[in-house]
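Fit chain B to the supplied structure of chain A, relying on the hints for placement.
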Amino acid sequence: MATFDEPGYYDPDELVQIQRHPPVTPWMETPVDFRPGTFIYPGKPKNLHVLGLPHPHEWAVTDADWKLPQGWQQIILDGMAERLSRYRSFQLFMDICVRCGACADKCHFFIGSGDPKNMPVLRAELLRSIYRKDFTALGKVFGKLAGGRPLTEDVIKEWFYYFYQCTECRRCSVFCPYGIDTAEITMMGRELLGLLGLYVNWVIEPVANCYRFGNHLGIQPHGMVDTLEFMAGDIEEATGITVDLPINKKGAEILFFTPSGDFVADPGIYTCMAYMLLFHELGIDYTWSTYASDGGNFGLFTSHETMKRLNAKIYAEAKRLGVKWILGGECGHMWRVVHQYMNTMNGPADFLEVPTSPVTGTVFEHARSAKTVHIMEFLADVIKHGKLPLDPARNDHIRVTFHDSCNPARGMGILEEPRYVLRNVCNHFYEMPENTIREQTFCCGGGAGLGTDENMEMRLRGGLPRGNAVRYVQERYGVNQLAAMCAIDRATLVTVCDYWAPGVNVTGISELVANATVFRGEKRRTHNLRLEPIPGMADELADADAVLETRGEVGAHA
Amino acid sequence: MTMLIAVGLVTALFLVGMLGAAAGLQWVFGVALPYLAVGMFVIGLAARVLRWANVPVPFRIPTTCGQQRSLAWIRPQRLENPPDTPSVIGRMALEILGFRSLLRNTKTVMIDGRRLTYATDLALWAGAIVMHWAMLIALIRHLRLMTNPVPGFVTLVERFDGFFEVGMPVIYLTSVAFLGALAYLLYRRLAIPEVRYISLVGDYFPLFLLLAIGGSGFWLRHVTTTDIASVKALVLGLTHFAPTVPASISPLFFGHLFLVSVLLAYFPFSKLLHMPGVFLSPTRNLANTTRISRHVNPWDYPVKVHTYAEYEDELRDKMIGAGLPVEKD
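Residue numbers (my numbering), protein chains in the order written: chain A, 6 to 563; chain B, -16 to 312.
Okay, chain B solo, but in the shape it has when bound:
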């Protein structure tokens, strides 16, 4: 049910974009809404990150995943249990670029009803890392539409991405990988009973949104070819704040663009916030140095304690009886 709601939403949004543009609202779907979406994305994201940043980190609570730095002759595992800032940067780089924690993933299985086993299970890691990297590369490729002249690294990325030179125009490796990885992520969300049980509309919606964006993009490039020069003129107009809507762009493109706009606008209100959030996670981005240098809690306040004097006052006779030294006789 939750999945169907998400499918329905994405389909409806796509049709709205396509039909709206076909009905003559190209300026709305080609200019006004993209600007609005980018505005919501930038402001929404900045507001959320600032809100996080303004919440203090009262305690230094890294999750340590390796040997600490203690005695000189014991080798610390710096990237798993960072003893200083450079190590933290290394740990974060591994996490953000390589999805380090997912790489640890295991699947717990009971064998013969008596032995628990924990086999390495990299499917989720593979699906996630392929999807994210493919998306990044696809984004870089899209810079072609936003720049004139096209920077060298964009062309270079395209060359590598189209390495196999299959199809005309060439099918990019990342287009296929992106859609394939998304399909896998959707599959596992449905196929693993526990994961399906916890899934919300907010989990299916971004998946279908990305699938529809990737799918319509693929369609635009390989099936019903659109007037790429006009598309570039539109996008360049947007990025140079001199919007123009050429007439010869297919409604399909506006469906694609509208879904991208929805994605951007939806981003700061959704679980997609994991993108900026991972940088700020206190269990990952802090060095394990609480005994080396004092971490200060900015909102620390005095608390009521039971002082030694109160303790001795209550128990003095017993302490004297037991031969223990006391402060006051």
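In isolation and in its complexed conformation, chain A is listed as follows:
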């Protein structure tokens, strides 16, 4: 019997019966229903201690008393005032919303749940109502009539529930006529909750790990060596190639970093193996780092300060190791941080050089200040220059679609590079419907620290729009694989696809590149990086051998 933290607990036919009519009670008078499967467990005090965060305490979401610290209302109001004076986005977005509702059915959580407080506009009103009451003239005088409400413990509970039901995917901000970005609102809401010691453990434990050990999973240096060695073993089994394992290597040309999820979780590990293979093939002088062993940054889901604290290690390690520039792997939120925050937070990286591809000589001018290049930009350039011998037929059993990850799409705009790479390594590539890709892409439902099993109902609901689009291409084109350049996608979309579009596997793009690459010195490639037999390959080779044998040319193809 499945429990609430397993997909099998939920009947898909029931889950799609979505009540889109708002409740009879006005939203300010509708309390939160904390039902299992829709909220995340509290952050454990030990993790707050590691980070030196205020008010660590034991509490439970379903408790009536959340044991808020003395004077908590003042803490929140002071925190709001501080943030209103520091972030123009926050101040402006509190003031200018007209409640037109254009954002409402753009949110995957609203589409999947029908809960009006999951409309981006209402999610922001949860904060805006307090702002009006305590920071605006009309609100101070007219109170509720002007859309204000008093700050009570129930408001805090509501914030906790709904700011951890937003994946900061920014889809709503694409459609908002003023560009109001719910990610900014949610980030502020979570920062304010943090002032009271309220976090979710799924975020704050990885943050504590990352702070201490350099990666969210808490993998220690010797563990990382073991992990990469293990992968090297699998690489050898699949391809016959022995790859180098440069770790903490001083004087390497490039520091490579990627989300740590890809060190341990299937299918991310195959993408990680692909990096090692491709760097080996291209002869790149690079290094991994155990200290900067995670590009992912759950600080983004905690507070701006925490984001900066975790991100600092990237440039610091690049400096210590004396590399020339930095290359980043496939990850979603990591690239939001790297692209839009890192240079501001922890730059200038003037000790590095403008990134130049050692393979093609291309100067990456668009990264000339941050000195950090995306693996897809790098590989697209390599493939464009014909520097990677490719045989896309090796992926012919795969009919692939591409899921644009939220942050690279809407916080960066890397749309064509991955598609160019995919088209060059797969003969069967099919796009999902246009309103579900590129800048209009739908979240996996588990980003921004929501991808934990106790949140299963919301993950499945939030994953509905994406899952539905996947099923569409599955039924129409026979798509059997979904490529995504994000480690969270590679973790959460497996569940979403199994549930909403069973039969579609999830993969990283680099994995497909490595499977299509004809490596120097490779053995007969009968198995892919997953060590699954490649349909046709074994037979074809046998056939080819038979032909060659009759002509007396055995081995000539090797």
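Calculated from the structure, these hints are not laboratory results.
Each residue gets a CB set at the ideal place from its N, CA and C atoms; glycine is no exception.
Don't take each hint at face value.
Result set (DSSO-like, lysine-lysine): computed pairs, CA atoms no more than 27 Å apart in a straight line [what the hints assert, rightly or not]: (1) K162/A x K149/A; (2) K255/A x K311/B; (3) K287/B x K324/A; (4) K254/B x K254/A; (5) K254/B x K145/A; (6) K287/B x K51/A; (7) K51/A x K301/B; (8) K72/A x K162/A; (9) K138/A x K162/A; (10) K254/B x K149/A; (11) K254/A x K329/A.
Listed below are several chain B residues computed to face chain A (Cβ distance under 10 Å; list not exhaustive) [stated by the list, open to error]: (12) R31; (13) L54; (14) P66; (15) L107; (16) R171; (17) H257; (18) K301; (19) M302; (20) L307.
Here is chain B on its own, set in the frame of chain A:
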């Protein structure tokens, strides 16, 4: 309920203006309050915009809605993902003049209980853009009352606006469009359950205020014609700081003028601030150049980090055991 409060407020305000003037308070409603309202509008708006402008933009966070500029052979979508300032100006122009983001609007519908579809839905865009442009043109037409001689472009706008030459005096296209668009915006606010659910008094009030201003203006021009020469004398007096109140102006006009005064005074304290606000929105008005040039956070402060030295101190034995190089033996 919230809607009724707004209706009641606007009706009461209109009656106050009309009856007040009829009771002999023309100087109050024709001169004092309009000046006060313009003062509140200008000072209130300036204060709000300055307040926004004084809040820093610590991070460069444009919402990118198209391909970035990266490799030379990949064509960037400059107006959706601006790589430089001219592109930002283009993006903002599209947003402000054409309501670009609303133009993307889709309606999500589940078909047969199994397939989600996202059909283009331009009703909101159409209602909004017609309302705003019609209002702008109506404002330009009103310059006739504030200027002497009337500038050529005002007459030109009037000529185009009255192109169909229906009615006497000619009914302007924008008068009808303005009222029609407002009525639609009100309709959708009531008819779409989600939108009605989130609507505040502050959402209905400006709608009814504008409807009443447009409606009374239409009435003044086409139903009970007022002494236009006297109205112009009053408005010219106001704009030239030599106020005068001619006797022959109907109370209806003072109702109209008072609602305009209320609108101006209310503007800086309301959601109508979206007008100046859209210019300052950090997700729209910034170039996507964070990796090209460093954006500086003016309030940046040092944070506590876990340094490599601390990391190695804790894990040195394990690193040595795993054959990893260390800084200190």
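Check each numbered hint against the structure and report the violated ones by number, ascending. Per hint list: single violation, 4.
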